[in-house]
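Listed here are the chains, written in short residue letters.
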Amino acid sequence: MLMTEARTHQAEAFQRVDATPLPVLLQVQGVTLQYKTPQHLVTATYRVDFDVHEADRFVILGPSGCGKSTLLKAVGGFMNPVEGSMRIRGREISGPGPDRMMVFQEFEQLMPWKTVLQNVLFPMKVSGRFKGADARERALSALAKVNLSKFADVYPHMLSGGMKMRVAIARAMAMEPDILLMDEPFAALDALTRRKMQEELLGLWDQLHFTVMFVTHSIEEAILVGSRILVLSPHPGRVRAELNSTGFGHGSVDHPDFGRLSKRIHDFLFEDELAVEVRS
Amino acid sequence: MLMTEARTHQAEAFQRVDATPLPVLLQVQGVTLQYKTPQHLVTATYRVDFDVHEADRFVILGPSGCGKSTLLKAVGGFMNPVEGSMRIRGREISGPGPDRMMVFQEFEQLMPWKTVLQNVLFPMKVSGRFKGADARERALSALAKVNLSKFADVYPHMLSGGMKMRVAIARAMAMEPDILLMDEPFAALDALTRRKMQEELLGLWDQLHFTVMFVTHSIEEAILVGSRILVLSPHPGRVRAELNSTGFGHGSVDHPDFGRLSKRIHDFLFEDELAVEVRS
Amino acid sequence: MATHAAPGLRPEYERQLTDASDVGEVQRPLSLSERLWGSTPFRRFVMLIVLAVVWECYARFLSNPLLFPTFSETLATFWRDLVDGPLISRTFTSLQVLVLGYGAGLALAAVFTTLAVSSRIGTDLLSTLTAMFNPLPAIALLPLALIWFGLGIPSLVFVIIHSVLWAVSLNTHSGFRSVPETLRMSGRNYGLSGIRYVMLILIPAAFPAILAGLKIGWAFAWRTLIAAELVFGVSSRSGGLGWYIFEARAELLTAQVFAGLLTVILIGLFVESVIFRAIEARTVQRWGMQR
Amino acid sequence: MATHAAPGLRPEYERQLTDASDVGEVQRPLSLSERLWGSTPFRRFVMLIVLAVVWECYARFLSNPLLFPTFSETLATFWRDLVDGPLISRTFTSLQVLVLGYGAGLALAAVFTTLAVSSRIGTDLLSTLTAMFNPLPAIALLPLALIWFGLGIPSLVFVIIHSVLWAVSLNTHSGFRSVPETLRMSGRNYGLSGIRYVMLILIPAAFPAILAGLKIGWAFAWRTLIAAELVFGVSSRSGGLGWYIFEARAELLTAQVFAGLLTVILIGLFVESVIFRAIEARTVQRWGMQR
Amino acid sequence: SEIRAARQYGLSSLPLMIMEDQKLVEQEAAAAGIPDLTVSWVQLGGPGAMNEALISGDLDIGAAGAPSLITLWDRTKGSAMEIRGIGSLVEMPMELLTINPSVKSIRDFTEDDKIAVTTIKVSNQAMLLQMAAAAEFGEDEYDRLDPLTVSLPHPEAMATLLSGGGGVITAHFSALPYQYMQKKQPGVHPVISSYDILGGPATNTAVFTTSRFHDESPKAYAAFVAALEKAIDIINADKRAAAETYKRMSGSSESVEDIEAIISDPQVTMSLTPRQTMKMATFMHKIGRINNEPAAWTDLFFPNAAELPGS
Ligand SMILES: Nc1ncnc2c1ncn2[C@@H]1O[C@H](COP(=O)(O)OP(=O)(O)OP(=O)(O)O)[C@@H](O)[C@H]1O
Ligand SMILES: Nc1ncnc2c1ncn2[C@@H]1O[C@H](COP(=O)(O)OP(=O)(O)OP(=O)(O)O)[C@@H](O)[C@H]1O
Ligand SMILES: [Mg+2]
Ligand SMILES: [Mg+2]
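Residue numbers (the working numbering), protein chains in the order written: chain A, 1 to 280; chain B, 1 to 280; chain C, 1 to 291; chain D, 1 to 291; chain E, 1 to 311.
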């Protein structure tokens, strides 16, 4: 079963903490991202830099509105930095492409005119990555993994919020992209489903070693899912710290290491708040 | 400070567990909710019954797609049950009204043509509940509580996902409704903001003793926020259990009672899954 | 701190789940009138009857058959000209031209709006041309039509294109621009661009607006055709519904004029309630994009 | 189980935050041509120049001034009639009627669509009436217009209403039906219903579609006015742009015909690029509902 | 009280323009003892709305081609709104012009020719062509040339013909003032004129009204007739002044000299006397365009015209 597999993975990972880093896949240097509207100028992130190595499970953590989604959109090729550079495998990112599959934060990312199954099939077909019966099989198996086989033939407007997110996740995962960009994908899911999806993701990673950039606001999830965690400051987002978190699984939530890492991240995030509390 | 207040609240509540229940505000009896589309018929909840008493912090917990949002929409007056009855203060629910303010699960519940401040003011004005300077003051203070004072004059499309939810929460809370219906309001918020919002909600409850129905998928949040927890089964949603959870605050997360309640709920939710695990 | 009451405690409970795997449709019984009233064709039918009765009564009240014939008289004329008169062939002629012009207009609109979403200069071009040419009446095109196509069907098609193109382009482009950003990004994420992006993402996503444009375009194509058949097009061998109406009008055969108009109305009702309704049911309604 | 590599470890790091409270706009320098090309008015201007040159060249190539005068000739005539000819007063007359008809059409469309969203029978009524009357040309309304209003301006207004009403209603109603369910529910949650619900929720939420409808309605009002002035008559001393064009046509002063059309075009450009553009900038674009 | 009168655009409305300009009806009415009579003049681009406005009672007096009057009379005969003529307005010839050098008579038209008429089948010109065909090929063959006709308004037809036809038309059944300009162009030659077809000068435009107006407002009717007579006298007395009035009122761009030349043409006559109307009516009845055959031309007109030497 998948769950057991995930636990094994965590155990093995613990043994391999000394492995040498794989090559850099994505290099972000001094990136400032701004939104310009006729009335306002909003700086979303300010001079952010980090490297994502191949097979990283790179988590971005930061307070609401600090620019996590914006950063992910920029990596996806939907926004150009006003400062700095973003390179993927050495090439400047110039636009979106199916090598970087995104799961957006919003529910309305599904195409309302396609059934759940068609939605999953769509990117495979238009990108030419998978075809015909193979694509169909993959799509069905992805839907089975997110527990939506029963809903393959309904239209998205008939799904609940969490179900929509699950379709979007299935769609992105079925594509097996070079890098998977996920923006709070599990936020709308209940505890059980969320846990299943996390294990699913890790299980898949075990098989394929794809790279994933993952935005979350749960410290626990960050540690569970991530191998490396980037902590951003409040708005405008700047880099506060970058931490390792390899080797944790659902079984290790009670592990003292888990607690320690959790505490460290907590402190980075809450430092302003703590200061206030002390003062008051 | 608010945080300390919230802790005090929890402490006092502990002392008052023996208080007699307040009168019933909302009575749901044998309610079946269905979606009919030309091709499909979906039963969202099946013969659900529960009572919400005045000043309850009533949490609905259940797996993704089990009908939580649907149930809340029915209480909001947006859907009619095909079976059973829903009464508020003895009167059958016949339609939506500002006595039941909703925070929806979707981000697009803000009016894109109004600024953040105008969005918060809007329901106060059209319902005639608050007017003029009073309304404005309330709106500004609500925005301050969700930490969005700086963004009072921007339009919703310029906000991040979490910020949109915060505006929606501010808007609903500022109305001080008889009953507040919140559908996973904190799901899009980061750990810090989420915690602040939970405390804000409890603090407000301490002052006003309004009734709130709260959908969440986090067991921890359910115990923290709720005074009574309704656990629903997977799709179609049926009542699995109803539990008390008065007297927990952020300070009591480590309390053995908290752990025990958490475990009980966990078992209700995960029972199918556990069965599978044992078998495999 | 003020004292405050916690909600009172009441007993907890737990339930065994009832099986709900085979819950069918739960129906509240409806009365016959409710059921009838719930059927759109029935409501429409009643409405048409009412309109016909109003027409009949008003015409009788006016009693000026040369100006405004009764419904029954119109219907009789309609039937006569349908069974052994020229109505069918006239209608057929008009429909042919109409479909040709409408189709060509849509094709051009597709090209224009694709250009418009693909580049900034395309956007400007579309909005400038639309602002310039859309308000021009058909007669303004007469000189160019004469030079380019002479009289006859090509000129008719040309003016029909003029009446369809801008309206459909405007609506389609406005629809395209309203497609939510997230959906756009999803599409581009898969590497879609240019014509595929338009076809696979923008058109379905903007379908409600496009449908409204198609309806408006269709109606205006009719209007234009009927008026334009007099000016362009008719050589006395052929002649469509516009000519049928005009000839009757010039000869003061008012019932026949109204029979012609009735034909237009009936075709309009057919197209709306059969064709467009079917398209809506299969697309925007099924997709939950429109109620 | 297969063996698998965990990503290699690299050193952790922590940073002190730089102050970013006063980050202004970060600008990459743009070349002059980029900057010019980035300005919509400039691009439009270039486009108009190109169109004028194409017109001039094509007209010279045809050299058939009776059917298609050159741009320069048209411009000269336009200027002459503007400065001391009747163009201004004619345009003014037309605009008055137009604005009256357009306004009345919009008001009626508001009533119709409010009815349509308030009740099912209203929806049916709107879709049935639109399907029936929208394809009818203005002459079809002549008898009723004469009975009700007689010849002259009221009848003109009546046919302009006919050309505006259905198009605007169709688009508005389609826009209303596309308003996302969550937004609708928010509105109804505050106890809004009936006319307030329409005004405060549906209209702003459907504003992109409504704007497209307004543009189409405006254009078709012009078209109808110009053609209808001839049919419905004007009191003999006054007369609008339609008459100006008709008279010029009758006397074969083709340059003057085109000067009249040029006026229509210029008004169209003005309305689009000043009025509608400003409305868009203040509403749908500012609200992020349209790009 | 008020008289509502409509006129169309062009020279054929000249007497009506003089009446409006000099307020002749108002003067005549005042003289006849109805001082508060006013006339509101409406200008129309074509006859379509005029017919319907008369029938609806929204209009008292209209002016259009003789065939229009005959049709109106036929359709309204016996009703309260029965329409009959007041009198003729102008006589002027209409000529069939061609640029096809091999066409000398209507017999020479072939399949390749296209003849522009304002509106096929129903317009004045279309009917004249039918009459010509009936005379040339026999009664039953009256519609022999119909397949060659196309609808094209005068201005466009003239422009097209003058620029060589453009493959669109080879002939144009023209009218004043277009045929003046057209005939000046080399290569354009006349084939037949309306006077040839009808056997002499014929009423081009007639003025008509409803019997309700005639019966209910006899004084106003009489005042209108008197004013019309006076207007025609004024024109015939001083054609130059009439031309000037026309230019001023229509805003026409033609020179006063040109206008004067047209109205001074011996073939153009301003007169109340209807001519050749019976011939048209008989033909129209024969080909089934009207159901009632008038016994005499006087059936088509009110008694005031019957005193004139019409036909
Ligand atoms: N508009 C709709 N039409 C048809 N079926 C629907 C519709 N909305 C929801 N459903 C179905 O109703 C069921 C319950 O949906 P609901 O949105 O209430 O779930 P939920 O408990 O809120 O889930 P989540 O936690 O994922 O938001 C789901 O199975 C869903 O497929
Ligand atoms: N379209 C936009 N126009 C202008 N400003 C925007 C826009 N989108 C986001 N912003 C601003 O950019 C900042 C970062 O937004 P972003 O969506 O990246 O936040 P986030 O980190 O994803 O937050 P959350 O966790 O709440 O989703 C916010 O301050 C927001 O106000
Ligand atoms: Mg975000
Ligand atoms: Mg939900």
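Don't read these hints as lab results, they were simulated from the structure.
Check before you lean on any hint, since a few could be wrong.
[To be verified] Simulated restraints, written as ranges between beta carbons of each label pair: (1) 34/C to 40/D: 53 to 61 Å; (2) 259/A to 14/D: 16 to 24 Å; (3) 40/D to 83/C: 53 to 61 Å; (4) 257/B to 181/C: 45 to 53 Å; (5) 34/C to 39/A: 47 to 55 Å; (6) 195/D to 181/C: 26 to 34 Å.
Where a beta carbon is used, it is the ideal one built from N, C-alpha and C, also for glycine.
Hints, verified against the model:
1. In this structure, residue 34/C and residue 40/D meet the distance hint of 53 to 61 Å, their C-beta atoms being roughly 55 Å apart.
2. Between residue 259/A and residue 14/D the CB atoms are about 19 Å apart, so this pair conforms to the stated range of 16 to 24 Å.
3. Taken as a hint, the range 53 to 61 Å holds for the pair residue 40/D and residue 83/C, whose Cβ atoms sit roughly 59 Å apart.
4. For residue 257/B paired with residue 181/C, a C-beta distance near 46 Å keeps the hint of 45 to 53 Å intact.
5. The given range of 47 to 55 Å is respected by residue 34/C and residue 39/A, whose C-beta atoms sit roughly 52 Å from each other.
6. Under the hint 26 to 34 Å, the C-beta atoms of residue 195/D and residue 181/C, about 32 Å apart, fit the expected range.
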